[in-house]
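Number of protein chains: 2
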Amino acid sequence: MKRRDVLKSGLVLAGTTALAAPAIAQSAPTIRWRLTSSFPKSLETIYGGGEFFADRVSKLTDGKFNIRVFAAGDLMPAFSALDGVQQGTVEMCHTASYYYVGKDFTMGFGTALPFGLTTRQQNAWMYHAGGIDTMNAFFKDYGVIAYPAGNTGAQMGGWFRNPVNTMADFKGLKMRIPGLGGQVMARIGAVPQALPGGDIYPALERGAIDATEWVGPYDDEKLGFYKIAKNYYYPGWWEPCSMYHVMINIQKWETLPKQYQEAVISACRETNLDMVAEYDAKNRLALVRLKAAGVQLHKFSDEIMEGSYKAATEMYEAEAAKNAKFKAIYEGWKTFRAEEAQWFALSESAIDQFYSAKLKT
Amino acid sequence: MKRRDVLKSGLVLAGTTALAAPAIAQSAPTIRWRLTSSFPKSLETIYGGGEFFADRVSKLTDGKFNIRVFAAGDLMPAFSALDGVQQGTVEMCHTASYYYVGKDFTMGFGTALPFGLTTRQQNAWMYHAGGIDTMNAFFKDYGVIAYPAGNTGAQMGGWFRNPVNTMADFKGLKMRIPGLGGQVMARIGAVPQALPGGDIYPALERGAIDATEWVGPYDDEKLGFYKIAKNYYYPGWWEPCSMYHVMINIQKWETLPKQYQEAVISACRETNLDMVAEYDAKNRLALVRLKAAGVQLHKFSDEIMEGSYKAATEMYEAEAAKNAKFKAIYEGWKTFRAEEAQWFALSESAIDQFYSAKLKT
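Residue numbers (our numbering), protein chains in the order written: chain A, 1 to 361; chain B, 1 to 361.
Since the hints were derived computationally from the structure, they do not count as laboratory data. Relax, there's no trap hidden among the hints.
Restraint-style ranges between C-beta atoms, simulated for each label pair:
| # | chain 1 | residue 1 | chain 2 | residue 2 | range |
| --- | --- | --- | --- | --- | --- |
| 1 | B | 55 | A | 228 | 46 to 54 Å |
| 2 | B | 227 | A | 87 | 54 to 62 Å |
| 3 | A | 310 | B | 44 | 36 to 44 Å |
| 4 | B | 301 | A | 172 | 40 to 48 Å |
| 5 | B | 317 | A | 317 | 50 to 58 Å |
| 6 | B | 42 | A | 303 | 42 to 50 Å |
| 7 | B | 321 | A | 79 | 52 to 60 Å |
| 8 | B | 306 | A | 162 | 32 to 40 Å |
| 9 | B | 140 | A | 289 | 31 to 39 Å |
| 10 | A | 66 | B | 55 | 23 to 31 Å |
| 11 | B | 55 | A | 302 | 41 to 49 Å |
| 12 | B | 332 | A | 88 | 43 to 51 Å |
| 13 | B | 227 | A | 88 | 53 to 61 Å |
Residues of chain B placed beyond 10 Å of chain A at every Cβ, according to the derived structure:
| # | residue |
| --- | --- |
| 14 | 32 |
| 15 | 51 |
| 16 | 70 |
| 17 | 73 |
| 18 | 99 |
| 19 | 165 |
| 20 | 167 |
| 21 | 170 |
| 22 | 171 |
| 23 | 230 |
| 24 | 303 |
| 25 | 332 |
With a Cα cut of at most 20 Å, we get these calculated SDA-like pairs of lysine to any residue:
| # | chain 1 | residue 1 | chain 2 | residue 2 |
| --- | --- | --- | --- | --- |
| 26 | A | 230 | B | 345 |
| 27 | A | 358 | B | 303 |
| 28 | A | 59 | B | 63 |
| 29 | A | 358 | B | 309 |
| 30 | B | 64 | A | 261 |
| 31 | A | 59 | B | 62 |
| 32 | A | 230 | A | 288 |
| 33 | A | 59 | B | 258 |
| 34 | B | 258 | B | 32 |
| 35 | A | 282 | B | 342 |
Everything numeric in this text was worked out from a predicted model, so none of it was measured. Positions of the beta carbon are idealized from the N, C-alpha and C atoms, including for glycine.
Using the sequences provided together with the hints, build the complete structure.
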C-alpha cells in the first residue's frame with residue numbers, strides 16, 4: 001500500500017503562498033484535496049466522520065472545495081496519517097492523536113487519557129479552556145494544525161472470558177488493549193496485546209487472549225465477542241471519551257482562502273457533535289440486542305477502579321518528571337478535571353442515576 | 001417595544017421566489033437579515049449563542065450573509081419571537097420552543113420536558129433518531145423551519161430558603177418556576193410563579209417566594225440567590241437539558257441560495273456544540289466559588305424524585321389522551337428515553353460517579 005511516493009498533493013492552486021487577499025478569496029477557486037483516514041470502513045461511524053466532514057466542506061463551498069476521503073491502508077497505513085500530512089503526501093487526515101504517543105506522550109491529551117476527561121469535559125477543555133490553542137502550539141512541531149472532529153463517548157471496559165473482581169485477577173491476564181490503556185494494564189500485572197480489529201475474534205476464540213476491549217456496544221457487537229466472552233465490563237476507564245481530529249498540513253492550510261478555512265473549522269465542529277450523537281443513537285439499540293443475547297454486564301469493582309487509577313496516576317507523574325511538554329499541560333489539566341468532576345457529579349449524574357433505576361427497556 | 005409594525009424584512013434580495021438555480025446561487029448575493037433573540041444580554045451565554053451563530057454564518061459566506069442579532073425586547077418581547085418570525089416581521093429568531101407550549105404542548109419536545117432527555121440524548125434524538133424532521137413537520141404549521149442551536153446542559157434544582165425532604169414539604173411552597181416544571185410543581189401541591197429574572201431576587205429577599213430555580217451555577221451566581229437561600233438542590237429534573245433553536249420563516253428560507261442554507265445549518269450545529277461547552281467550562285468555576293461562599297448542596301430525596309416523576313408522567317398521559325400531535329411523538333420518545341437511560345447508566349455514569357468521589361477540588 002506504500003503508494004505515497006507516487007501520490008502528490010491534489011491542490012489545484014498554483015504555489016503555496018498565502019491567499020489572504022480578499023480579491024483572491026472571493027474568487028472561490030476549485031480545490032481538490034485528499035484526506036487519509038486512520039480508520040477502516042468497517043468502523044463506519046468513525047470512518048464516516050471523515051466522509052461527513054468532507055461532505056459539509058463541499059456543501060459550504062458550493063461544491064468547490066472537494067476533499068476525497070481514503071480509508072486506512074488505501075494511501076498509507078492507519079498510523080502513518082500524521083507523517084503523511086507532515087510530509088505533504090496528503091493535505092489532511094482524520095485520526096486520533098493518541099496513536100502518536102510514541103512520538104510524544106503529550107499526544108494523549110488530544111484523544112483520551114486513562115481516567116481523563118469525558119466527552120463534554122473534553123469539549124469544554126478544547127473550546128472554552130484553551131485546549132485547541134494549547135494542542136495546536138504542540139502540534140505545530142509536527143507541521144500540522146488540528147481541530148476536534150468526532151468522539152465515541154465513553155467506551156466500554158471490554159469482554160472477559162471469566163469475571164474479574166480483584167486486582168489479583170489481572171495478574172498475567174492476556175488482554176487485547178493497545179496504547180496508554182495497555183501501559184496501565186501492564187503496570188497492574190496484565191499482559192496487554194495490540195491486535196488489529198480483525199485478529200481479535202480468532203485470538204479470543206482459540207484462547208490466545210483472555211479478554212479484549214474495542215469501542216462500545218455497537219462496534220463490539222459487529223465483531224461478535226459476545227459469542228465467546230459473555231462478561232461485558234464498564235466503564236472503559238482508559239477511554240472516558242475518545243476524540244478524533246482533522247489534522248491539516250500547515251503550509252497547505254495557509255494557502256486556503258479564509259472562507260475555506262472557516263468551512264473546515266465549521267465542518268470539524270459539526271463532525272465533533274454529530275459522531276457522538278450517532279454513537280449514542282446506535283449504542284442504545286446495540287445494548288438492547290446484546291442484553292437479549294445473554295450478555296452479562298458488570299461494573300468494575302471499586303478495588304479495580306482504585307488500583308487502575310493509582311497505576312495511571314503513577315504513569316502520569318513519571319512522565320511529567322521527564323517530559324516538560326507533558327508536564328506543562330498536565331498540571332492545569334488535572335485541576336480542570338477535578339473541577340469538572342465536581343460539576344458533573346451534580347445534576348447530570350443524578351439524572352443519569354435516577355433514570356438508570358427508573359426507566360427500564 | 002412594539003415596533004414590529006414599522007419594522008419589516010431586511011432581505012435585500014428582491015422577491016420571494018426560490019433561488020435554487022446554480023447560476024444565481026453562485027452569485028453569492030449580499031443579504032441582511034434580522035434575528036430576534038428570546039434572551040436578554042444578561043444571560044450572556046445563551047444570548048451569546050445567537051451572536052456566535054450570526055458570526056459563523058458571516059464567516060462562512062465571506063461576510064455576505066449578515067444577520068443582525070437583537071436582544072429580547074429590542075424588537076419584540078421574548079415570547080413573541082415565534083410569532084414575529086411566522087408573521088415575517090423578522091426572518092429568524094433564537095428561542096426555546098417550550099416557551100410556546102401554550103400554543104401546543106408538543107413544543108416541549110424541542111427544548112426540555114420534565115424528566116425528559118439529557119443533552120447528549122436530546123442530540124441523539126434530534127440528529128440520529130428523526131427528531132429534527134419530526135419537529136420540523138410540527139413547526140411547519142407555524143410557518144418556520146428550525147434547527148437545534150444551543151443547550152445549557154442539565155440545569156440545577158434551584159435555591160430553597162429551607163431544606164425540602166419530603167413531598168409534604170412542597171405543599172404550599174411558593175416557588176419561582178415557570179413552564180412545564182411549574183405545572184408539575186402545581187400537581188405536587190406547590191404554588192409555582194413565573195417571575196422574570198430581574199424580579200426573583202427581591203421576591204426571595206422579602207419572602208414573597210420560598211424558593212426559585214433559574215439555570216445553573218454560573219447564571220444563578222450572577223443573580224445572587226446564594227446570599228439569601230443557601231440550600232442549592234439538584235438535579236433540575238424539570239430541565240435535564242435545555243435546547244434552543246434557530247427558527248427561520250419558511251418562505252424567507254426558500255429564498256436563500258443553497259450555500260447560505262448550508263451555512264445556517266452548519267452554524268446551528270456549531271452553536272449547539274459550543275454553548276454547552278461554554279456552560280460546562282463556566283459552571284465548573286462558578287461551583288467552586290459558590291461552595292466557597294458556603295452554599296449547601298443537596299440532592300433531591302428519592303421520595304421527591306419519585307413523586308415528581310409520577311406527577312410528570314400523569315401530566316404526559318393526560319396530554320396524550322387529548323392531543324394527537326403530542327401522542328404521536330410521545331410514544332416513540334418514551335421508548336427512546338428508556339433505551340438511552342440504560343445506555344447512559346453504564347460507562348458514562350460509572351465514570352462520573354467514580355470521579356465524583358475521587359477527584360476533589
